[in-house]
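Residue strings, one per chain:
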Amino acid sequence: MTELKRTPLYAVQAENGGKFVPFAGWEMPVQFSGLMAEHQAVRTQVGLFDVSHMGEIIIEGPQAFDAVQFLITNDVAKLSDGKALYTVMCVENGGIVDDLIVYRENTQRFFICVNASRRADDFAHMRAVCKRFDCTVTDVSDEYAQLALQGPHAAALLAELVDASVQAKVAAMEAFSWLDAPVAGLSWVRIARTGYTGEHGYELYARSSEGDALWRAIMRVGDKHGLLLCGLGCRDTLRLEMKYPLYGNDIDLEHNPLEAGLGWVVKFAKGDFVGKAALEAVKAQGVARKWVGFKMLDRGIPRHGYPIAVDGQEVGVVTSGTHSPSLGEPIGTGYVPAHLAALGSRFDVVIRNKAVLAEVVKTPFLVREK
Amino acid sequence: MGVPANLLYTKEHEWLKQEGNVVVVGITEHAQSALGDVVYVELPDVGSSVKKDATFGTVESVKAVSDLFAPVSGKVVAINEALTSSPETVNQDPYGAAWMIKIELSNPSEINDLMAPGDYDALIAG
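As you go down the protein sequences, you meet chains A and B in turn.
Residues in the first sequence are numbered from 14 upward in steps of one, following our numbering.
Residues in the second sequence are numbered from 3 upward in steps of one, following our numbering.
Rather than coming from a laboratory, the hints here were simulated on the basis of the structure.
Using N, Cα and C, we set each Cβ at its ideal position, and we do this for glycine too.
Hints should not be assumed to be uniformly reliable.
As the list claims (entries may be wrong) - No more than 20 Å apart at the CA atoms, straight line, and that leaves these computed lysine to aspartate or glutamate pairs for DMTMM-like:
(1) Lys367(A) <-> Glu112(B)
(2) Lys53(B) <-> Asp121(B)
(3) Lys367(A) <-> Asp69(B)
(4) Lys91(A) <-> Glu105(A)
(5) Lys32(A) <-> Glu31(B)
What the hints assert, rightly or not - Derived coverage of chain A by chain B (criterion: at least 3 residues anywhere in the stretch with Cβ under 8 Å from a Cβ of chain B; other residues may be distant):
(6) 240–252
(7) 327–339
As the list claims (entries may be wrong) - Derived contacts from chain B toward chain A, CB cut-off under 10 Å, selection only:
(8) Ala36
(9) Gly38
(10) Asp39
(11) Val41
(12) Tyr42
(13) Thr60
(14) Ser63
(15) Val64
(16) Lys65
(17) Ala66
(18) Thr86
(19) Glu90
Hey, can you work out the whole structure from these sequences and the hints?
So, in structure tokens, the structure goes:
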């Protein structure tokens, strides 16, 4: 069996009570003080996550812009230097290779953050597609540590650590913008106003060798802001409350962005991209199934893989489900036939051979102001 | 300090307290700690039969479902309804308020197969 990899933040997390589990080939903390407390901290104060397992890929060169535009479904022409966008990347038949964030450094250099579980596949896909463009595709994942600082107090905490010369700039950052600045005595940190929790927050990239120092600096000023260290457990409950998809659970090569409710990142008018023709056909016919959010009407917690049934007939499947810490009740997402996707539609979730009634609800499950 | 000396244990981290021909069953401190915050407990109906080593219910944390295994065979004569409204009791008081079911033994000799406190301590230490 191959050994699990450890991020640059393994040591400091182990020192501070992290409970480690395997995730996508990495040894990652699932929790520190407890999932409920950590989840609550992110929603009301501030939480710190190690997300260094994520991948980073750079596409650079005279045709980098055209290459990225062809690779992704969203419109990279919308970006200016210092801005980022969320998108999916598809294969020819419209299946989703990954969801990712593209940061524009300049028209010839794009920094792309991808899921840990998809890093190798994304890199192979991007290299293959980019062959026809004058650009290079480089996997730089090992060069970076990445931390996520999320919650209402994240801005105040970060303000204590950024160099005085960029204080005002950082304070004024808009969502999906980013900048490079000295932070906590380190000469370079990439500060991005992005996140996977629904709260105001930041994803911070540091050089691998400096990730530990950045983490410790954040911890040193954390108490007064109510900082808790957070693991993958609450990362999942936080994103699920926002109905953010998780690759491998909710989206994958067997699903296209239109049925996954991600049509908003598919910009047909921008020009050609991988999967466009297939997605245009889906759009013309209408999707057969839809990714919906639902709540349980009887006791039971929906989980990934549980069947969705109507009158004893299996018609769909749960892709993500949990007990929502913020709502105090179970929530779930899954694919159902398009005619069962309207708000209020009811179906059964089969939980250990028992049919338990559920109802489609408005999502996100929790409304947050960022 | 080890696990309570007046209980018996299973490899699946359940504890058992014998009260004549009825036993009280719950999960151990080690189990609740490994689970994390418990949010849901599913128990069998009173009157149903349980079989040694077969599942009798589930305990769910936020992120996972765990089966509960019957340490002995018999009839369920009581279940702890309080766990329906307060599943977090499992984390707070696993050996006391979070007892889960009471089983009337159908095969009392099965008690001999359970682990003594010292053996269970050794299991979770190693």
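Results of checking the hints against the structure:
{"no.": "1", "hint": "Lys367(A) <-> Glu112(B)", "verdict": "violated (31 Å)"}
{"no.": "2", "hint": "Lys53(B) <-> Asp121(B)", "verdict": "violated (23 Å)"}
{"no.": "3", "hint": "Lys367(A) <-> Asp69(B)", "verdict": "holds (16 Å)"}
{"no.": "4", "hint": "Lys91(A) <-> Glu105(A)", "verdict": "violated (23 Å)"}
{"no.": "5", "hint": "Lys32(A) <-> Glu31(B)", "verdict": "holds (16 Å)"}
{"no.": "6", "hint": "240–252", "verdict": "holds (count 3)"}
{"no.": "7", "hint": "327–339", "verdict": "holds (count 3)"}
{"no.": "8", "hint": "Ala36", "verdict": "holds (9 Å)"}
{"no.": "9", "hint": "Gly38", "verdict": "holds (5 Å)"}
{"no.": "10", "hint": "Asp39", "verdict": "holds (5 Å)"}
{"no.": "11", "hint": "Val41", "verdict": "holds (4 Å)"}
{"no.": "12", "hint": "Tyr42", "verdict": "holds (5 Å)"}
{"no.": "13", "hint": "Thr60", "verdict": "holds (7 Å)"}
{"no.": "14", "hint": "Ser63", "verdict": "holds (7 Å)"}
{"no.": "15", "hint": "Val64", "verdict": "holds (5 Å)"}
{"no.": "16", "hint": "Lys65", "verdict": "holds (5 Å)"}
{"no.": "17", "hint": "Ala66", "verdict": "holds (8 Å)"}
{"no.": "18", "hint": "Thr86", "verdict": "holds (8 Å)"}
{"no.": "19", "hint": "Glu90", "verdict": "holds (9 Å)"}
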